[in-house]
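**Student:** Let the hints inform the model, and build the full structure from the sequences given.
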Amino acid sequence: MTPLPDSLLESVAAAAVREGLADAIFTRLKTPIGTLLIVSGPSGLVRIAFESESEDRALAEVAAALGPNVIGSDREMVAPRDALSEYFEGDTHELDLPVDLRLMQAPFRRSVLEELRQVPRGRTVSYGELAARAGNPKAARAVGTACARNPIPIVVPCHRVLPGTGALGNYGGGPERKRALLELEGVLPRPLSP
Amino acid sequence: MLPPFWTLVESHGDELLVHARKLAGDAQAEDVLQDALLRALRAYPRLRHAEHLRAWLYRVTTSAAIDHHRRRRQEVPTDDPPVVATHDRYDDGAFESLIEPLNETAQTALRLRFVDDLDYDGIAARLGCSTVAARQRVSTAVRTLRESYA
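For the record, the sequence lines run as chains U and A. Numbering-wise, the working numbering comes out as the position in the first sequence, counting from 1, plus 32. Numbering-wise, the working numbering comes out as the position in the second sequence, counting from 1, plus 6.
Simulated from the structure, these hints should not be mistaken for lab results. Just so you know, these numbers come straight off a predicted model, no measurement behind them. Note that the Cβ used here is the ideal one computed from N, Cα and C, for glycine as well. Hints are supplied without guarantee of correctness; some may be wrong.
[What the hints assert, rightly or not] Simulated restraints on C-beta separations: (1) U:GLY167 to A:LEU53: 41 to 49 Å; (2) A:SER103 to U:GLU85: 37 to 45 Å; (3) U:ASP128 to A:MET7: 28 to 36 Å; (4) A:THR150 to U:GLU51: 28 to 36 Å; (5) U:GLU51 to A:ASP20: 23 to 31 Å; (6) A:ASP20 to U:GLU85: 20 to 28 Å.
**Tutor:** Structure (structure tokens):
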């Protein structure tokens with residue numbers, strides 16, 4: 033069977049948004065680190081998922097928190113699409129997209145992610161330091177958990193959190209993606225092109 | 007827990023479009039499906055359980071197709087020869103597929119009303135019954151049709 037025409041899907045999405053029927057809107061964006069699933073709620077981005085994650089699970093998580101009327105549309109998501117595309121093209125402006133951290137329920141983890149938003153492009157922070165900024169210097173481990181469960185990676189820049197050892201450390205999207213993002217931001221040298 | 011609406015659209019959208027084509031014809035199918043998906047979105051958050059969602063989407067699409075037929079009937083300009091006008095519009099077999107689940111009596115009543123575009127006096131004369139009975143037969147057929155897809 034042939035898939036539905038995009039024009040039909042976009043018309044349904046536009047009408048749904050106009051009528052206020054959409055609880056959340058998602059789009060898929062191709063980037064150098066794979067296709068990203070990007071989901072917005074009424075007050076900003078709620079979820080970004082890497083290709084390596086289960087898309088069904090990510091959307092189900094959103095539906096459980098925001099409501100079942102989750103719809104897909106590239107057109108209704110043009111602002112975050114453009115901002116992220118420009119970021120991946122090397123634009124040095126901060127990714128200034130509104131975020132809604134409601135998928136991160138634990139209060140300390142949420143405050144970690146809010147602190148993390150203050151770490152600018154090109155800078156990094158250690159787990160211990162971020163723990164201190166979030167109000168509990170001993171909670172480096174909890175910071176690790178907060179980063180691992182960050183619902184909005186890239187825009188909430190958990191790739192900028194590094195272990196004190198100088199190693200790259202863990203990343204929800206895998207160390208390769210963390211390396212690629214830090215290279216893009218000029219923190220790590222770019223590999224020589226072959 | 008209801009699944010995200012769009013996962014239903016991505017899994018069943020293509021077959022729903024086929025269904026809409028059968029009921030409304032190629033030219034109208036996308037309009038019907040678009041209307042159906044919007045109706046579904048309006049009702050979806052109020053569903054009490056997540057069972058038989060595919061069947062539910064088929065019903066919503068059928069219902070949208072029935073209303074589409076009705077609306078288009080009303081759009082037929084009255085000073086045009088009605089029979090020709092309606093035949094032109096429904097000459098794609100869509101109407102026949104739509105009324106297929108009904109018994110012969112009900113199908114005949116609907117054909118006289120919507121395809122031949124007869125008024126109730128005309129239908130009564132064809133069926134050999136009273137005007138009131140003709141009206142009743144058509145409205146029962148429409149109701150049965152809705153329920154057969156419900």
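**Student:** The structure should be examined with respect to each hint, and the outcome stated for every one.
**Tutor:** Evaluated hints:
no., hint, in the structure
1, U:GLY167 to A:LEU53: 41 to 49 Å, "43 Å, holds"
2, A:SER103 to U:GLU85: 37 to 45 Å, "42 Å, holds"
3, U:ASP128 to A:MET7: 28 to 36 Å, "34 Å, holds"
4, A:THR150 to U:GLU51: 28 to 36 Å, "31 Å, holds"
5, U:GLU51 to A:ASP20: 23 to 31 Å, "24 Å, holds"
6, A:ASP20 to U:GLU85: 20 to 28 Å, "26 Å, holds"
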